[in-house]
Amino acid sequence: MNARFFDLKKEKQDRMINAALKVFALQGYRHASTDDIVREAGISKGLLFHYFSSKLGAYTFVYDYSVRYMKLELSAVDRAETDLFELFRQVQAARVRALCGYPYMQQFLNRSLSEDVKEALFAVEQMRQSLSDTYESLYSRVDTSGLPEGVEGGKLLTMLEMTVSGLMTERFFDASFQPEMLYREICGYIDMVQMLVER
-11 MNARFFDLKK
-1 EKQDRMINAA
9 LKVFALQGYR
19 HASTDDIVRE
29 AGISKGLLFH
39 YFSSKLGAYT
49 FVYDYSVRYM
59 KLELSAVDRA
69 ETDLFELFRQ
79 VQAARVRALC
89 GYPYMQQFLN
99 RSLSEDVKEA
109 LFAVEQMRQS
119 LSDTYESLYS
129 RVDTSGLPEG
139 VEGGKLLTML
149 EMTVSGLMTE
159 RFFDASFQPE
169 MLYREICGYI
179 DMVQMLVER
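Numbering (the working numbering), first residue to last: -11 to 187.
Warning: the hint list may mix true and false statements.
Stated by the list, open to error - The calculated DSS-like cross-link candidates involving lysine-lysine, where the alpha carbons are at most 30 Å apart (straight line), are: (1) K106 x K43; (2) K59 x K(-3); (3) K33 x K106; (4) K(-2) x K33.
As the list claims (entries may be wrong) - Ranges between beta-carbon positions, derived for each pair: (5) T151 x D104: 23 to 33 Å; (6) H19 x E186: 42 to 52 Å; (7) K33 x L184: 23 to 33 Å; (8) G30 x L184: 43 to 53 Å.
Simulated from the structure, these hints should not be mistaken for laboratory data. If you're wondering where the values come from, they're calculated on a predicted model, not measured in any experiment. Glycine included, C-beta positions come from ideal geometry on N, C-alpha and C.
When you get a sec, could you build the whole thing from the sequences and use the hints?
Here it is in structure tokens:
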């Protein structure tokens, strides 16, 4: 990546980042094309290759950017919180804050988990582990002692994550998508599960 990318106006940087995030999120690395990215960003192909020498360069950059940005948002999560549901709410709030500036960021990160192109997987392996470690650190303090017998904290978190991922995917195809509305909907599901578990 050409470091002069950061000399561009923030609006232009974000337009290029958001275009790449959208194309990679919707099409995956294998099927994404630089033609689609430049069309979405409203720039020339020469300009894209000036800053990112290849499709892999663009993918690696937006992955690295997404992980750093998401970790920054997650740093606002209360590190002393031990309640599974409250911690999960705070994590979702951090993700939604990221979506306000970069609507496809979480979808891109989710899609990257199922990538099967070796060069793409290898290029982001270190950053992928870094984000995974951040989530693991956040959830490692969860106190599951108050959960009813037979309810496993890990499985409960997985169920909530899959619910949120499904909601997010569904809402992205709605032209009226708004991050704040998505967060309220997510909280509704969290509240419902919490009520059922704590009965």
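Here's how the hints hold up against the structure:
Annotation: proposed proximity of K106 to K43 holds, straight-line Cα distance about 14 Å (limit 30 Å). For a cut-off of 30 Å, the pair hint linking K59 to K(-3) stands: about 23 Å separates their Cα positions. About 25 Å separates the Cα atoms of K33 and K106, which keeps this hinted pair within 30 Å; it holds. Under the criterion of a C-alpha separation no larger than 30 Å, the hint pairing K(-2) with K33 is consistent with the structure, at around 19 Å.
A C-beta distance of roughly 25 Å is found between T151 and D104, which places it inside the suggested range of 23 to 33 Å. Taking 42 to 52 Å as the suggested C-beta distance range, the pair H19 and E186 conforms, at roughly 44 Å. About 52 Å separates the C-beta atoms of K33 and L184, a value inconsistent with the hinted range of 23 to 33 Å. Take G30 and L184: their Cβ atoms lie about 47 Å apart, and the range 43 to 53 Å holds.
Going through the hint list in order, the structure does not satisfy hint 7, though it satisfies all others.
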